[in-house]
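*Asks:* Take a look at the letters that make up each chain.
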Amino acid sequence: MIRIAQLSCGPEYSGVQQELEKAAEMVGAELVFPEVSLDDVRNVEERFGIEVASGDLNLAMARATRIVENTDLADAVFVATCFRCAEGAIVRSELRKYIHENSRIPVLSYSFTERTKAETLLTRMEALVTTAKFKGLLSRERQTGLTAGIDSGSTTTKAVVMRDNKVIGTGWGPTTEVLKSAEQAYNAALESAGVERNEIEALGTTGYGRHLVGKEFGAKLIQEEITVNSKGAVFLADAQRGNATVIDIGGMDNKAISVQDGVPGTFTMGGICAGASGRFLELTAKRLGVEITELGKLALKGDHRNVPMNSYCIVFGTQSLVNSLSTGSRPEDVAMAACHSVAEQVFEQQLQEVEVKEPVIMVGGTSLIEGLPRAMEGLLGLKVTVPEYAQYIGCVGASLLVSGLVED
Amino acid sequence: MVKVMVYPPTSMILSDLVERTGHEALVVSKEVRKKVNTAGLDSPPLNMTPEDPKKGLKYAAVDVPSGVRGRMSLLGPMIEEAEAAIVVLNDRCTLGCTGCARTNELTRFLLRTKRIPLLELEYPGDELAARRFVSRIREFLEGLS
Chain A
-5 MIRIAQLSCG
5 PEYSGVQQEL
15 EKAAEMVGAE
25 LVFPEVSLDD
35 VRNVEERFGI
45 EVASGDLNLA
55 MARATRIVEN
65 TDLADAVFVA
75 TCFRCAEGAI
85 VRSELRKYIH
95 ENSRIPVLSY
105 SFTERTKAET
115 LLTRMEALVT
125 TAKFKGLLSR
135 ERQTGLTAGI
145 DSGSTTTKAV
155 VMRDNKVIGT
165 GWGPTTEVLK
175 SAEQAYNAAL
185 ESAGVERNEI
195 EALGTTGYGR
205 HLVGKEFGAK
215 LIQEEITVNS
225 KGAVFLADAQ
235 RGNATVIDIG
245 GMDNKAISVQ
255 DGVPGTFTMG
265 GICAGASGRF
275 LELTAKRLGV
285 EITELGKLAL
295 KGDHRNVPMN
305 SYCIVFGTQS
315 LVNSLSTGSR
325 PEDVAMAACH
335 SVAEQVFEQQ
345 LQEVEVKEPV
355 IMVGGTSLIE
365 GLPRAMEGLL
375 GLKVTVPEYA
385 QYIGCVGASL
395 LVSGLVED
Chain B
592 MVKVMVYPPT
602 SMILSDLVER
612 TGHEALVVSK
622 EVRKKVNTAG
632 LDSPPLNMTP
642 EDPKKGLKYA
652 AVDVPSGVRG
662 RMSLLGPMIE
672 EAEAAIVVLN
682 DRCTLGCTGC
692 ARTNELTRFL
702 LRTKRIPLLE
712 LEYPGDELAA
722 RRFVSRIREF
732 LEGLS
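Protein chains in written order, with our numbering: chain A, -5 to 402; chain B, 592 to 736.
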């Protein structure tokens, strides 16, 4: 049983403690609360460096110091505070940094409301548990044999076939019916690789439809996107050793993952606002009358500062774009403004929650919209790498990891 | 007998002082106990549900963190019911625990603006101050009719 130390303020009074426990249980883990003395709480400033007005936050910090002193107390750490609490947000961020810098224990940080459900936390908890439980598998750096990966995403379904550490076939299509889309993408990948399905030694699945697809296709590995995508990203960007930051802006949610030696350390997963997703860029392309594949190139010729964008909301943001076009804005400026808006939201809401260390690797289909990595580079002041096969990152990670299970 | 709210709301010492003088102490442990004993709610010690922060909207707006609103769903009705209150400032967690400072601020504010007999006093730092502390509370309680 994986023990996840809960460092939190407010979940019981928000009525969501049961949801946190349920999510942990669903992924085979239990939430634990490291024991501290009253003196640990009273003297938290001396040991942690800060004392705040809320007692529960001081308690969380006291627990963190105990975990760092004795890393056997927990396999993973879950830091959670109320959404919209400034004091909680400051402490949550410092707790995450403290655990990250002083131990090798994986950390997940989250701000909840009374609407938080176990299902919302499931992928995050699953990633936390995988990171804690399968460090050996996740530290695998080479793909061996003939394996395949299917990424059943919310917008598109992708598949790859890999042989001896190289991608030899790819296939993709829009996600309509989950199984049908997976079948088409997988067949396309097999065809382009020139291999038969029965030759594949093992298959790994990831993405929203991973369980359904994995069961139907007899997958040997069914894994959430956070661990799989980070593995695929550092493999394709040749950054398996040392630090890296992976940014994946998806059709329905975004992931920011701080990776060390190919294993996720801290990560966030956002999925509240469509204005910060690939969907917004699709809408922009449609409104501009260009293919989504052309939007990025168009954006590179534009300047986001020429278009006023007053809202991050997908509805009002699109309205701003429409208004700017009607007042004579250039399509290239509008395209870049849309890319900048998405990048800025991810930068403001998610990249503050992880340690951004170079190389910064952008993956997923949206990373191929050239304006988006460019906008992110501007915001971070760092070079952003988009590796080859960036849109197949989940399949590559699944294919690589599942080859470890064949050998075992 | 007067209904006296004590703050910190989990202080058994304060509630004991109130009840020794024949008044009724309004403390959060009693409110929590009510919830725990309610049929269908089965995860003690706190059986708050996502509905509770919504009840707290009566006392704090929707953009106030859910933890504050959840606490206010317990404390708010107690404040409404209170006919007098004792509030200890700069309290230590040994006197009684309140985990959320924002809830403390809001509760103290609501008690002050309710215009009921209110005793606010600092947590004592030594034995002499502790004696004065108890004596002031007793004097306040005996003065309530």
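Simulated from the structure, these hints should not be mistaken for laboratory data.
Beta carbons: idealized from backbone N, C-alpha and C, even for Gly.
Treat the hints loosely; a few may be bogus.
[To be verified] For each label pair, taking beta carbons as the anchor points, the in silico distance ranges come out as: (1) A:Ser31 / B:Ser620: 17 to 25 Å; (2) A:Glu352 / B:Phe700: 45 to 53 Å; (3) A:Glu45 / B:Leu648: 43 to 51 Å; (4) B:Lys705 / A:Ser320: 52 to 60 Å; (5) B:Leu680 / A:Phe27: 26 to 34 Å; (6) A:Glu371 / B:Met603: 56 to 64 Å; (7) A:Leu399 / B:Ser620: 48 to 56 Å; (8) B:Lys625 / A:Arg109: 20 to 28 Å.
*Asks:* Would you mind marking each hint as holding or not holding in the structure?
*Replies:* Status of each hint after checking the structure:
Here the CB-CB span from A:Ser31 to B:Ser620 is close to 23 Å, well matched to the stated 17 to 25 Å. One distance hint, 45 to 53 Å for the beta-carbon pair A:Glu352 and B:Phe700, holds here, with the actual separation near 48 Å. Between A:Glu45 and B:Leu648 the beta carbon distance is about 31 Å. The supplied range of 43 to 51 Å is therefore violated. Range check, B:Lys705 to A:Ser320: Cβ separation about 55 Å, and the 52 to 60 Å hint holds.
In this structure, B:Leu680 and A:Phe27 meet the distance hint of 26 to 34 Å, their C-beta atoms being roughly 29 Å apart. Between A:Glu371 and B:Met603 the beta carbons are some 59 Å apart, a value that agrees with the proposed interval 56 to 64 Å. For A:Leu399 and B:Ser620, the Cβ-Cβ distance of about 52 Å falls inside the hinted range of 48 to 56 Å, so the restraint holds. Between B:Lys625 and A:Arg109 the C-beta distance comes to about 25 Å, which sits within the given range of 20 to 28 Å.
In this structure, only the earlier hint numbered 3 is contradicted, and the remaining ones agree with it.
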